[in-house]
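Engineer: Chains as they are written, first to last, in numbering that gives the first Met the number 0: chain A, 0 to 303; chain B, 0 to 330; chain C, 0 to 337.
Calculated from the structure, these hints are not laboratory results.
Think of the CB as a built atom: it goes at the ideal place given N, C-alpha and C, for glycine as much as any other residue.
Each hint should be verified, as a subset may be incorrect.
As the list claims (entries may be wrong) - Simulated crosslink set (DMTMM-like; lysine to aspartate or glutamate; CA at most 25 angstroms straight-line): (1) K273/C with E301/B; (2) K247/C with E301/B; (3) K147/B with E280/C; (4) K300/C with E250/B; (5) K94/C with E26/A; (6) K137/B with E155/B; (7) K142/C with E301/B; (8) K152/C with E72/A.
Unchecked claim - Selected chain C positions facing chain A (Cβ under 10 angstroms, derived; list incomplete): (9) M66; (10) K93; (11) Q101; (12) S106; (13) Q111; (14) R122; (15) I123; (16) P154; (17) A166; (18) Y299.
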Amino acid sequence: MRNSNKPNNLIAISLVRPKSIFWFNLEKNWYKFSRNRLSIVGLVIVAGIIISAIFAPWIIPYPEHVGPFVDFESGAQPPSLQHLFGTDIIGRDIFSRVIFAFRGALIMAVVVLALAVPPGVFLGLIAGYLQNTWIDTVIMRITDVFLSIPPLILALAIAAMLKPTLMNAMIAVTISWWPWYTRLVYGMASSVRNEYFVIAANLIGASKFHILLREILPNCLSPIFTKMALDIGWVILLGASLSFLGLGEQPPIPALGTMLSDGAKFMPTLWWMSVFPALAIVLCILGFNLMGDGIRDMLEKGRE
Amino acid sequence: MKTKENILLNIKDLHVWYRVYGGFLKVLNGVHLMVREGERVGLVGEAGCGKTTTMKSILQILPPGDFHIPRGQIFYKGQDVLKMSFKELQRLRSREIAMIFQDPTAALNPVFIIGTQIGDVIKYSSAVLEENVHQQEKIKMLSIKTLKEVSLPDPERMLINYSFQLSGGMKQRVCIAMAICSARNLLIADEPGTSLDVTIQDQIMRLLNELVEKRNTAIILITHSLAVAREMTDRIYVMYAGTIVETATPEILFKNPVHPYTKGLLASVPKISGGGISNGIPGKLPSYLNPPSGCRFQPRCEQESPICSEKPPQLFEIEKNHLVACYLTQR
Amino acid sequence: MKQTTNNEILKIEKLKKYFHIGKDKKGPIYVRAVDGVDLNIKHGETLGLVGESGSGKSTIAYTVVGMYRPTSGQIMFKGKNTGMEASRRSLSSKKEIQIVFQDPGSSLNTRQTIEQILALPLRIHTQIPKRQFREKIVELLEKVELSPNYLYKSPSLIGGGEKQMVAIARAMAPNPSLIILDEPTSALDVSVQAKIINKLIDLQKEMNLSYLFITHDLSLMRNVANRIAIMYLGKICEVAESATFFEKPLHPYTQMLISSVPVITEEEKKLKPKKAISIGEIPSPVNIPLGCSFHLRCPYKMSICSKVDPEMIEFSPEHIVRCHLFAKLENKKQERSD
C-alpha cells in the first residue's frame with residue numbers, strides 16, 4: 000500500500016493533472032445538466048443562436064439586405080419560400096435581418112456582462128466581507144440607489160444624453176446592471192465568511208486578499224455563473240427595448256427592437272414585420288433561461 | 000407475564016438499491032432481522048452501513064422513484080409490508096409502528112405549538128382507542144397524560160410552548176410522547192440520544208427503557224454505539240455495508256465476538272478503565288456502486304480464504320442465540 | 000504564589016469571555032460563556048477539557064487560538080502575552096498555536112484541492128521555495144497516511160475521517176508547538192476515530208507537541224489525556240490526572256458525568272459511581288443560578304451552595320476541585336499550617 004518510489008509517482012501524477020475541478024468532472028457535470036430535458040432544449044437553442052450569429056454573413060440568403068438596400072417592388076411580401084419571414088416595406092428580407100440582428104444582440108450581452116459583472120462582484124465581495132462596517136454601508140447604499148431606478152428609465156436617460164449608438168446603449172445597460180451582482184455576491188460573501196474554512200485561513204495568517212479571492216469568491220461562483228447565463232436573455236431584451244425607442248444600433252444595421260418598432264405601424268396587415276423579430280426575442284430569452292436552469296443544476300452542490 | 004415468543008417483525012433477505020448517476024447503489028444486500036413482541040433489539044453499525052435505509056424500508060418511507068427492491072420480504076404480523084396497499088400502509092404507520100428520529104429539533108414543526116402536534120398524532124391514530132377522541136377535550140387530556148408519562152414537568156404549560164422554547168432533552172421527550180401515542184406494538188428509535196449531551200442522553204435512554212417495559216412495546220434501537228446497545232437491548236444485530244454480520248444477546252456478543260468486524264469494532268471503543276484503543280479497522284467502506292461480489296467485509300479482513308470473494312456468506316448459528324455471517328467460523 | 004514555570008507552554012489566568020446579547024430593564028444581558036478559568040498546559044502533555052453544551056469549552060479554545068478577544072484575564076503562551084485577536088497577533092504566535100475544528104466538512108474549502116489547502120500554511124509560515132511545495136505536501140500527506148493521489152482531490156470527494164486527517168496535516172504543516180483539537184472525532188465513526196486518535200498520539204511524540212483536547216466523550220478522554228479538566232457553565236469544577244479522575248472523582252458533577260457514560264465491559268461498569276445518576280436539565284448560560292452553578296442538580300446540596308460560589312481547593316497535588324464539600328479540608332489544612 001505504501002508508495003516506495005516517490006519521484007516516479009509525482010511525475011505520473013503531474014501528467015494526469017486536471018486543469019481544474021470543473022473539467023475533471025465534465026462527465027458528471029453533463030449528467031447533472033442533462034437531467035432536465037428542457038435544459039438541453041435551451042442549450043440547443045442557444046447554440047443555434049450563437050452559431051447563426053457568428054456565421055451570419057455567410058449563411059443568410061440575402062447578405063446585401065442588411066446594409067443600405069432598397070427594392071420597393073419586392074416590398075411588403077408575406078412569408079414565402081424565397082423570403083421565409085417575408086419582406087419589409089422597402090423590400091429587405093426579414094429572415095436575413097433577424098439572423099444578422101442576433102449579432103448585435105449577443106455582442107451587447109457579452110460586452111455588458113463583461114463590463115458589469117467584475118465591478119459588481121468585486122464591490123459585493125468587499126461589502127460582504129466587511130459587513131457591518133462603514134464600507135459595507137457606503138457600498139450597499141449606493142447599490143440601493145442604482146437598484147431603485149427602473150432599468151429601462153435609467154438606460155433611456157443615459158442613452159438619450161449620449162449619442163444614440165450601440166456603444167452608448169451598452170454603457171447605459173451596464174450602468175443599470177452591475178448592482179444586481181453586488182447584491183447577489185454581498186449575500187453570499189457575508190455568509191461564506193463565517194464558514195470554518197475561512198476562519199481557519201484567517202487564523203493561519205492568510206492575507207485579506209487571499210481570503211477574498213481564494214476562499215470566499217470560489218464559493219460564490221455558482222450563482223454568479225447561473226445568473227450570467229440567465230442575464231444574457233434579459234440584456235438582449237433591454238437592448239431591444241432601447242433600440243425600439245431608437246437608441247442603440249442605428250439603421251440600416253438591423254436590430255430586433257428597431258425592426259419591431261418599424262413593423263408596429265403596419266400591424267395587423269403586415270404582421271410578419273413585427274411578429275418574427277418579436278419571436279426572435281422570445282426565443283433568445285427562452286433559450287438562455289432554459290440553459291440557465293441547467294447550469295444551475297450543474298453547479299449546485301448536491302450529494303456527491 | 001410477557002409473551003416474548005410471537006414474532007412481530009421479520010425481515011427476510013432484503014435488498015434495496017438506489018438509482019444514481021452511473022447505475023445503482025446496492026446498499027442493502029440481504030438483511031435478516033427479527034423482532035418479537037415486547038423485545039428490545041439493537042441495530043448497531045457505523046455511518047453508511049444501511050441502518051436507516053432498513054428502517055425506512057419497514058415503514059416504506061424511502062425517497063419515491065429513486066429506489067428499487069429487487070428481492071426480499073418484510074413480514075409484519077405475518078403480512079408482507081412490501082406488498083401492502085396504501086391504506087394498509089397508512090394503518091401500519093398510524094397505529095402499529097412509530098419512528099423516533101435522531102434530531103428532535105428537525106422532527107418538530109417550529110411554527111406549531113406542541114399541543115397541536117401531539118393532538119394531530121392522536122387524531123390520526125384515534126381509531127385504535129376505544130372512545131371517540133375527536134373532541135378537543137379528550138385529545139387534550141390524552142396529550143397531558145402522555146406528556147406526564149415521559150416525565151415532562153408541567154405538561155399543561157408544555158402544550159402551549161413552541162419547540163424552540165424547549166431544550167434538546169425536552170424536545171426528544173416530546174418526540175417520544177408522540178411516538179408512544181400512536182405506536183401500539185413497535186417503536187423504531189434512530190439514534191435517539193446522539194444529538195444530546197451525555198447526561199441527558201442517559202436520562203432519555205432510561206426513560207425509553209421504562210416505557211418499553213411498562214407498555215410491552217417492542218423497540219428497534221438504531222445506534223452506532225455498542226455501549227448504548229449493551230445497556231438497552233435484549234439482542235444486538237451488527238451491520239456492515241448493508242449486511243448483518245453478527246447477531247447475539249449482549250452477554251454473548253461482548254464476551255465472545257466472532258466476526259472480524261465485530262471484533263475490530265469492539266477493540267476500537269475507548270474504555271474508561273484506560274488501556275488505549277486499537278488502531279481501528281484498516282480500509283474503508285466498499286463502494287455501493289460496485290460492491291465486492293463475495294463477503295462485503297473481505298477487502299478489509301485480515302483473514303482470507305478463496306470462498307470469501309465468491310459469494311456472500313449467510314448467517315450461520317454457531318451457538319444458541321448467536322449467528323454469524325462468516326465462512327471462517329463455519330469450519 | 001505560583002509563577003510561570005519553564006515547564007508550562009500555556010497558562011490561562013482568570014479568563015472571562017462574555018457575549019453581549021441584548022438588554023433588559025436591569026441592564027445589559029451577557030452570556031457568561033467563560034467565567035473565570037485558570038488552566039495550564041505543560042510541554043508535551045495533553046490536557047483534556049470535558050464539558051457538555053454551555054460549559055464554555057469551545058469558547059476557551061476559540062479564545063486561545065485568537066477567534067475571540069478575552070473580556071478579561073490573561074493568556075500566556077511560552078511566557079508571552081497572547082490574549083488578543085488573531086489579527087493583532089504576531090506571525091510567530093499564529094504559527095505556534097494551531098486548531099483542528101469539529102466538523103471536517105466545513106473546515107476545508109470544497110472549492111480547493113487538497114494541495115492548495117495544504118500549501119497555504121507552508122506559504123505563510125515556512126521559507127520553503129515554491130517548487131518544493133509539492134514534495135513537502137506529499138510528505139505531510141504521508142505523515143497522516145494518505146497517498147499522493149489525494150493532492151488533486153477536492154474535499155467533497157473524500158470521507159469524513161480522511162478530511163479530518165487533512166485538517167490535522169494542515170495544522171501540523173507550520174510546525175506548531177500547541178494544537179487545539181475541538182472535538183476532532185465527534186462527527187466520526189468509532190473505528191475511524193480510533194485510527195485518528197492513534198495517529199494524533201504518534202504525531203505528538205514525533206513532533207513534541209502539546210495538545211488541548213476538547214471533547215464530551217469521557218471514555219475517549221481517559222485514553223488520550225494526561226490531565227483532565229471538567230467544566231460546567233463557564234467554570235472549572237475539577238482538574239486531575241486521568242487515572243485519578245476516574246478512580247476518585249470528587250465533584251458531584253464529575254460523578255454524574257461518569258455514571259452517565261455507556262460502557263461495554265463489566266470492569267468499566269464497576270468503575271461507575273452508583274449514587275450519582277443524572278437528573279435535571281442543564282441551565283441556559285444566560286440564567287446561571289446564584290451560588291454554585293451546579294447546586295440545582297446536586298445530590299449533596301448544602302445550604303451554603305445556593306448562596307456562595309465555591310473556591311478552587313487543592314485536594315492533593317495535581318488534583319483540584321471547586322466544591323463546598325471539600326472546603327472543610329482546606330480549612331483544616333490552613334489551620335495546620337498556621
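Engineer: Each of the hints needs a verdict: does it hold here or not?
Structural biologist: Taking the hints in turn, this is what the structure says about them:
1. K273/C with E301/B: violated, 40 angstroms
2. K247/C with E301/B: violated, 40 angstroms
3. K147/B with E280/C: holds, 17 angstroms
4. K300/C with E250/B: The given pair, whose Cα atoms are some 38 angstroms apart, is violated under the 25 angstroms limit.
5. K94/C with E26/A: With a Cα-Cα distance of about 41 angstroms, the restraint between K94/C and E26/A is violated, given a limit of 25 angstroms.
6. K137/B with E155/B: With Cα atoms ~14 angstroms apart, K137/B and E155/B stay inside 25 angstroms; holds.
7. K142/C with E301/B: holds, 23 angstroms
8. K152/C with E72/A: Since the Cα atoms of K152/C and E72/A sit roughly 68 angstroms apart, the hinted pair is violated (cutoff 25 angstroms).
9. M66: At about 6 angstroms, which falls below the 10 angstroms cut-off, the nearest Cβ of chain A leaves the hint on M66/C intact, so it holds.
10. K93: At 4 angstroms from the nearest chain A Cβ, K93/C passes the 10 angstroms test, so the hint holds.
11. Q101: Q101/C check passes; min Cβ-Cβ to chain A is 9 angstroms, inside 10 angstroms.
12. S106: holds, 4 angstroms
13. Q111: holds, 7 angstroms
14. R122: holds, 9 angstroms
15. I123: At 5 angstroms from the nearest chain A Cβ, I123/C passes the 10 angstroms test, so the hint holds.
16. P154: holds, 9 angstroms
17. A166: At about 8 angstroms, which falls below the 10 angstroms cut-off, the nearest Cβ of chain A leaves the hint on A166/C intact, so it holds.
18. Y299: Because about 40 angstroms separates Y299/C from the closest Cβ in chain A, which is outside the 10 angstroms limit, the hint is violated.
Checked against the numbered hints given earlier, the structure breaks hints 1, 2, 4, 5, 8, 18 and satisfies all the rest.
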